[in-house]
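Mind docking chain B on chain A? Use the hints.
Each protein sequence line maps, in turn, to chains A and B.
Position one of the first sequence corresponds to residue 1 (this note's numbering), numbered consecutively onward.
Position one of the second sequence corresponds to residue 1 (this note's numbering), numbered consecutively onward.
If you are wondering where the hints come from, they were derived from the structure by calculation, not from laboratory data.
Every residue, glycine too, gets a C-beta built ideally from N, C-alpha and C.
Worth double-checking, as some hints may not be accurate.
[Said to hold, decoys possible] Capping the alpha-carbon separation at 20 Å, the derived lysine to aspartate or glutamate pairs in EDC-like fashion look like this:
1) A/LYS172 x B/ASP15
2) B/LYS8 x A/GLU155
3) A/LYS173 x B/GLU7
4) A/LYS173 x A/ASP148
5) B/LYS62 x A/GLU155
[Claimed, not checked] Only part of the chain B face toward chain A is listed, based on derived beta-carbon distances under 8 Å:
6) SER28
7) ILE29
8) ASN45
9) LEU68
[As the list claims (entries may be wrong)] Using C-beta positions, here's what the derived DEER-type ranges look like:
10) A/LEU202 x B/SER37: 16 to 26 Å
11) A/ALA153 x B/GLU35: 50 to 60 Å
12) B/GLU35 x A/GLN284: 48 to 58 Å
13) A/ASP148 x B/ALA52: 46 to 56 Å
14) A/GLY222 x B/ILE13: 16 to 26 Å
15) A/ARG90 x B/ARG64: 37 to 47 Å
16) A/GLN284 x B/ILE60: 42 to 52 Å
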Amino acid sequence: MNELTEISPELSFDKEKAMAKSFSKRFQWEMILIGVGQATIWLSLWPLVLNSYLSLWVGFFIASLCACFAYLPSHEAQHGNYSRGNPKRRWLDAFVGHFTLITLMYPYQILRVTHMKHHAYTNDPVKDPDYLNAHSKSLLKVIKNASDGSSTAYEKYLDVFENDKAFINTFKKAIPVAMLYRSLLLVLVVIFPLETFLLWWLPAKIGTVYTTVFFSYFPHRGASIGRYKDTSFWSHWMPRYINHSMQLHVIHHLHPNIGHYDEPKAIEALKPFLIAREVPGADQIPDRVTYNPLIKF
Amino acid sequence: MFEALLEKIFNHIADWGKFWFGFIFLGSIFNAIFEQSSFFYGISNISFWAFALGGLIGLIAKIRGAWL
Chain A
1 MNELTEISPE
11 LSFDKEKAMA
21 KSFSKRFQWE
31 MILIGVGQAT
41 IWLSLWPLVL
51 NSYLSLWVGF
61 FIASLCACFA
71 YLPSHEAQHG
81 NYSRGNPKRR
91 WLDAFVGHFT
101 LITLMYPYQI
111 LRVTHMKHHA
121 YTNDPVKDPD
131 YLNAHSKSLL
141 KVIKNASDGS
151 STAYEKYLDV
161 FENDKAFINT
171 FKKAIPVAML
181 YRSLLLVLVV
191 IFPLETFLLW
201 WLPAKIGTVY
211 TTVFFSYFPH
221 RGASIGRYKD
231 TSFWSHWMPR
241 YINHSMQLHV
251 IHHLHPNIGH
261 YDEPKAIEAL
271 KPFLIAREVP
281 GADQIPDRVT
291 YNPLIKF
Chain B
1 MFEALLEKIF
11 NHIADWGKFW
21 FGFIFLGSIF
31 NAIFEQSSFF
41 YGISNISFWA
51 FALGGLIGLI
61 AKIRGAWL
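For reference, chain A alone in the conformation it holds in the complex (with noise of 0.2 Å):
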């Protein structure tokens, strides 16, 4: 009954991918203005803060905002949502990619390659990357391996991965930026103690911890394997807007090419189809998905 076998032909799996393919097109220029955005804000913070235009503190609160906002736009450019294929605009993928990241102090391709392997493997014990974050026991385990760099200490998938020469290639190549990471980190301390604690390295964490818990341990909690099982749809009293609508997450395991901003619209299209492969949680999705964050002028 899941997976592709075919239930009826108006619910196909050919037609599912077509009404998916219909939300797959428009440009996402929302989320190239937020993490192009984010980074300029979170830049600017710094001579604001150190020629005393702005206080340290609210440097900070700003910061940690930013740091929330960062991951998302880099996680589209992973999917090549802004190139859409087309080889012209591939640098828009790389370039909001890397850019928006800064925030996070991740490297691009390393999020990148663990993030292609993650929807390849969802929820597999040895080969997800993103295990650790959707099976610890309790909330509070999944905030402290974020907060101490365990959910994101990716260096074992290299030989989890060891025959795979792609991974392997472009984890080794992000290396590199790491460490210009670290390093710009361990050389600003020194000069910049405080600002460098409370504008970058604690925002980052604080972004992380963030995105761990709304982007990897709400959505595959208690999920087991398999395409339409790896996701739940899930609810929760703040409204999307500030979870950056991960109940929603499960489309886009299903279909990762669908915009993030498009992705109420492609649920409600979809929920028939959602039903019956019995996605966990699917029947509860309302008919209208409400406080929709799209933008329109």
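For chain B alone, coordinates are given in the frame of chain A:
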């Protein structure tokens, strides 16, 4: 020759990264806090203690294999 040196550096960072991070990063932050706090006013060699504390935390993290 150069590659061997690089490999040695990488290995050292992999083995002792937590200690150096504690020493340099935490040490610098402790030093800045101690210098600004009136509580520590009058303690001589305050920078030494700040970096020693950072290094100690890093060393403990290296031995434990985790920060938290």
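Status of the hints after comparison with the structure:
1. The hinted pair formed by A/LYS172 and B/ASP15 meets the criterion: a straight-line CA distance of about 18 Å does not exceed 20 Å.
2. Simply put, B/LYS8 and A/GLU155 have alpha-carbon atoms about 18 Å apart, close enough for the 20 Å limit, and the pair holds.
3. Distance hint between A/LYS173 and B/GLU7 is fulfilled; the C-alpha atoms sit about 15 Å from each other, no more than 20 Å.
4. A threshold of 20 Å between alpha carbons decides the hint, and for A/LYS173 with A/ASP148 the separation of about 24 Å lies outside it, so the pair is violated.
5. Proximity of B/LYS62 to A/GLU155 is assessed by CA-CA distance (about 17 Å); at most 20 Å being required, the pair is judged to hold.
6. The criterion of a C-beta within 8 Å of any C-beta in chain A is met by B/SER28, whose closest approach is roughly 4 Å, and the hint holds.
7. Interface hint status for B/ILE29: upheld, as the beta-carbon distance to the closest one in chain A is roughly 5 Å, under 8 Å.
8. A hinted interface residue such as B/ASN45 counts as satisfied when its beta carbon comes closer than 8 Å to some beta carbon of chain A; here the least separation is about 18 Å, so the hint is violated.
9. Because the closest C-beta pair between B/LEU68 and chain A is about 4 Å apart, less than 8 Å, the hint holds.
10. Checked against the given bound of 16 to 26 Å, the beta carbons of A/LEU202 and B/SER37, roughly 18 Å apart, stay inside it.
11. Between A/ALA153 and B/GLU35 the C-beta distance comes to about 34 Å, which lies outside the given range of 50 to 60 Å.
12. Remark: the range hint 48 to 58 Å for B/GLU35 to A/GLN284 is upheld by a beta-carbon distance near 56 Å.
13. Here the CB-CB span from A/ASP148 to B/ALA52 is close to 22 Å, at odds with the stated 46 to 56 Å.
14. At roughly 38 Å, the beta-carbon separation of A/GLY222 and B/ILE13 lies outside the given 16 to 26 Å, and the hint is violated.
15. In this structure, A/ARG90 and B/ARG64 meet the distance hint of 37 to 47 Å, their C-beta atoms being roughly 43 Å apart.
16. Under the hint 42 to 52 Å, the C-beta atoms of A/GLN284 and B/ILE60, about 47 Å apart, fit the expected range.
Hints 4, 8, 11, 13, 14 from the list above are not met by this structure, while the remaining hints are.
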